[in-house]
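Residue numbers (our numbering), protein chains in the order written: chain A, 358 to 681; chain B, 79 to 328.
It is possible that some hints are incorrect.
What the hints assert, rightly or not - A few chain B residues facing chain A, derived, Cβ under 8 Å:
{"no.": "1", "residue": "111"}
{"no.": "2", "residue": "214"}
{"no.": "3", "residue": "216"}
{"no.": "4", "residue": "219"}
{"no.": "5", "residue": "241"}
{"no.": "6", "residue": "312"}
Said to hold, decoys possible - No farther apart than 27 Å at their CA atoms in a straight line, the calculated lysine-lysine pairs in the DSSO-like style are these:
{"no.": "7", "chain 1": "A", "residue 1": "646", "chain 2": "B", "residue 2": "292"}
{"no.": "8", "chain 1": "A", "residue 1": "546", "chain 2": "B", "residue 2": "275"}
{"no.": "9", "chain 1": "A", "residue 1": "410", "chain 2": "A", "residue 2": "546"}
{"no.": "10", "chain 1": "A", "residue 1": "636", "chain 2": "B", "residue 2": "292"}
{"no.": "11", "chain 1": "B", "residue 1": "296", "chain 2": "A", "residue 2": "561"}
{"no.": "12", "chain 1": "B", "residue 1": "282", "chain 2": "A", "residue 2": "639"}
{"no.": "13", "chain 1": "A", "residue 1": "646", "chain 2": "A", "residue 2": "369"}
{"no.": "14", "chain 1": "B", "residue 1": "323", "chain 2": "A", "residue 2": "577"}
{"no.": "15", "chain 1": "B", "residue 1": "323", "chain 2": "A", "residue 2": "636"}
{"no.": "16", "chain 1": "A", "residue 1": "546", "chain 2": "A", "residue 2": "646"}
{"no.": "17", "chain 1": "B", "residue 1": "297", "chain 2": "A", "residue 2": "636"}
{"no.": "18", "chain 1": "B", "residue 1": "297", "chain 2": "A", "residue 2": "639"}
{"no.": "19", "chain 1": "B", "residue 1": "296", "chain 2": "A", "residue 2": "636"}
{"no.": "20", "chain 1": "A", "residue 1": "636", "chain 2": "A", "residue 2": "577"}
{"no.": "21", "chain 1": "A", "residue 1": "369", "chain 2": "A", "residue 2": "546"}
{"no.": "22", "chain 1": "A", "residue 1": "639", "chain 2": "A", "residue 2": "577"}
{"no.": "23", "chain 1": "A", "residue 1": "369", "chain 2": "B", "residue 2": "323"}
{"no.": "24", "chain 1": "B", "residue 1": "323", "chain 2": "A", "residue 2": "639"}
{"no.": "25", "chain 1": "B", "residue 1": "292", "chain 2": "B", "residue 2": "282"}
These aren't lab readings, by the way, just hints derived from the structure by calculation. Every value quoted in this text rests on a predicted model; they were computed, and no experiment measured them. Heads up, the beta-carbon is just placed ideally off N, CA and C, and yes, glycines get one too.
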Amino acid sequence: MIVVWIEDQGGKVTDAVWEALTMGRRLAQQMDQPLAALLAGAPEASGLTDQLKEYGVSRVWLTGDERLARWAPQAQARVLARLIEQERPQVVLAAATDRGNELLAYLAARLQLGLATNCTEVHPGDDFTVTRLRWGGSLLEEARLLSEPKLLTVALHVNAPEPQPAESFQIEQFVAQLEERDFIIQMSKMEESAHEGVSLAEAKVVVGGGRGVGNAEGFKSLEELAQLLGGAVGGSRVATNNGWRPHADQIGQTGAQIAPELYIACGISGAIQHVVGCKGAKNILVINKDPEAPFFARADYGVVGDLREVIPALVEAIRRERGD
Amino acid sequence: MQVLVCIKRVPDTGARLELTADGQELDTRNLEFTVSPHEECAVEEAIRLVEAQGGSATVLSLGPEAAGEQIREALAKGIERGILLETDGGEWDPAATATAIVSAIEDEAFDLVLFGNESADAGNYQVGVRVAQALGWPCVTSVKQLELESAERALAKREVPGGWELYPLTLPAVVTVKEGINSPRHPSLRGIMTAKKKEIVRLKPEKSAAQLVKLGLKKPPEGRGQIQMLGEGTAAVPQIVAALKELGVL
Ligand SMILES: Cc1cc2nc3c(=O)[nH]c(=O)nc-3n(C[C@H](O)[C@H](O)[C@H](O)COP(=O)(O)OP(=O)(O)OC[C@H]3O[C@@H](n4cnc5c(N)ncnc54)[C@H](O)[C@@H]3O)c2cc1C
Ligand SMILES: Nc1ncnc2c1ncn2[C@@H]1O[C@H](COP(=O)(O)O)[C@@H](O)[C@H]1O
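Isolated chain A (complex conformation) (with noise of 0.2 Å):
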């Protein structure tokens, strides 16, 4: 059997669910197992049942624990490793978000397994290897994972979502057996911030800034192009750590990883750490005064360039061109 365990949030879930399930649909026909999963979150989440249907699955545990609505890993771990006890899966895998990879973690923690994250790959057979991303997804690596059941995470945006119906379909409910001490790391509440404008995350424009822009002051005009396209502005580490921007606008390994259709990067220089948040681009334009600089080579459109004199001259050029 190959567990897939579904990450809801208040009864909804964002791709990197079904990305996960299509990985694990396809290892399940591999190995020749059932696809079965557990909906260990907020009650509601048991409407997802028909989705899960969808993408192959063909056993689904629900725990309908109110005390799993609020984010409790520890908890989760738990139901899990009872599950792992109960049903002896081969396989039991996540989508390698924050809160999938932090599962996992106290799992094979908890049961002394060893765990793979962002895998991009799984190879089943008696020498179980995986590919998975490193160095935030600018090299690979082949791993052997050696223990019993095997943990992974599936790398996100890497796999599309391919829903293809189960034959069979059952819902069972899953007596947790939850203990007080199960919940000491456990969400409180939630603060909403002030949301304002587009987020990187869903933008179909992002203008990113990096040490060119020279300063706070700079990114004004990177703002009113922006505006212009509908779209947010990002930075690279250079203006996060300046101060220039706030560090929720980074860009990159360490920051937000972005998938808009189009990147247009101006004044930076193309470090792989960046280049790994924006690999999700469709289009990339490099705007950067160095016809040497190397974001030139992983860009679809450049520009050789003083971004200072380049941005103002287009927001103006954009302005025209919309008759105001």
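With the hints as your guide, set chain B with the ligands onto chain A.
The following block gives chain B with the ligands in isolation, referenced to the frame of chain A:
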């Protein structure tokens, strides 16, 4: 309060990655070394906590002898003491790393152990959680704000789309942090001088059997085709506008 922070020496890759001929490692001949930005922030957080609460901070690294460089850098910023778990430089899987860290610190009385959320090179997302589990301590991961409410209580916050999740926790505890929690300081000249006199304890840890075994590294396929140059300086503006239209963003 006694704080420990764990850091890992990694190459700073710059713009191009080259692998060694056997595909086992990054070719580091032309590279400098550093630690993950998450870990730089963990070091800064440890220094600030001790500045505010009193006590002392220790930095630990498991790695080759040269990892003493990264320890020294943390000492120069204001950490009191270093522990180097010296290895022959090969890969240690996350379980073996955690086991070695736990046995090195079991007899010490730390109130808080800080980690990066994930290491820059391996990105396993698990050494901190494994250490917490082995010590039987609570752990919050992905933390971007940490407030100490008393000697025993803290509040950790994680940033998620649309807001912050709050996690109360009781010390002793493990916290793994993300870049953005603070802005790390640079070492002062005086800091660099005094760091030379600070103690680094050197231990040779025992390597437990790996469960995740690296077989080799490879480069991912380069996704992009040929670049289209749109011109130089402001003269390129009409071509940029045309390209924006073609892409349907204008
Ligand atoms: C483990 C690790 C993780 C990291 N994570 C991240 C991350 O998440 N995100 C990130 O961005 N970085 C990250 N970094 C840092 C990264 O390695 C680079 O140092 C950083 O991306 C460089 O930022 P930059 O391109 O703005 O600056 P630089 O590399 O200094 O480049 C500035 C560029 O601007 C150009 N320029 C200057 N003036 C102008 C002008 N007037 N007009 C046009 N062009 C101009 C220059 O030609 C140059 O190419 C990480 C590093 C490490 C070691
Ligand atoms: N060799 C090491 N020495 C010291 N700390 C480490 C080492 N490897 C990992 N860590 C710590 O554990 C965190 C998570 O690492 P990982 O599980 O590999 O992603 C890192 O950010 C470091 O704080």
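Against the structure, the hints:
1. 111: Check failed: Cβ of residue 111/B comes no nearer than 14 Å to chain A, outside 8 Å.
2. 214: For residue 214/B, the interface hint is violated, since the closest Cβ of chain A sits about 10 Å away, which is over 8 Å.
3. 216: 5 Å, holds
4. 219: 5 Å, holds
5. 241: Status holds, d = 4 Å.
6. 312: Where the cut-off is 8 Å and the nearest Cβ of chain A is about 4 Å from residue 312/B, the hint holds.
7. 646/A - 292/B: 41 Å, violated
8. 546/A - 275/B: Judged against 27 Å, a Cα distance of about 46 Å means the pair is violated.
9. 410/A - 546/A: Violated, because 32 Å separates the two Cα atoms, which is more than 27 Å.
10. 636/A - 292/B: 25 Å, holds
11. 296/B - 561/A: With Cα atoms ~31 Å apart, residue 296/B and residue 561/A exceed 27 Å; violated.
12. 282/B - 639/A: 48 Å, violated
13. 646/A - 369/A: 45 Å, violated
14. 323/B - 577/A: Status holds; Cα separation ~23 Å.
15. 323/B - 636/A: Judged against 27 Å, a Cα distance of about 22 Å means the pair holds.
16. 546/A - 646/A: Violated - the C-alpha atoms of residue 646/A and residue 546/A are around 47 Å apart, more than 27 Å.
17. 297/B - 636/A: Roughly 14 Å separates the two Cα atoms, so the pair holds.
18. 297/B - 639/A: Between residue 297/B and residue 639/A the Cα gap is close to 20 Å, so the pair holds against 27 Å.
19. 296/B - 636/A: 17 Å, holds
20. 636/A - 577/A: 25 Å, holds
21. 369/A - 546/A: 18 Å, holds
22. 639/A - 577/A: 25 Å, holds
23. 369/A - 323/B: Violated, at about 35 Å.
24. 323/B - 639/A: 15 Å, holds
25. 292/B - 282/B: Holds, at roughly 22 Å.
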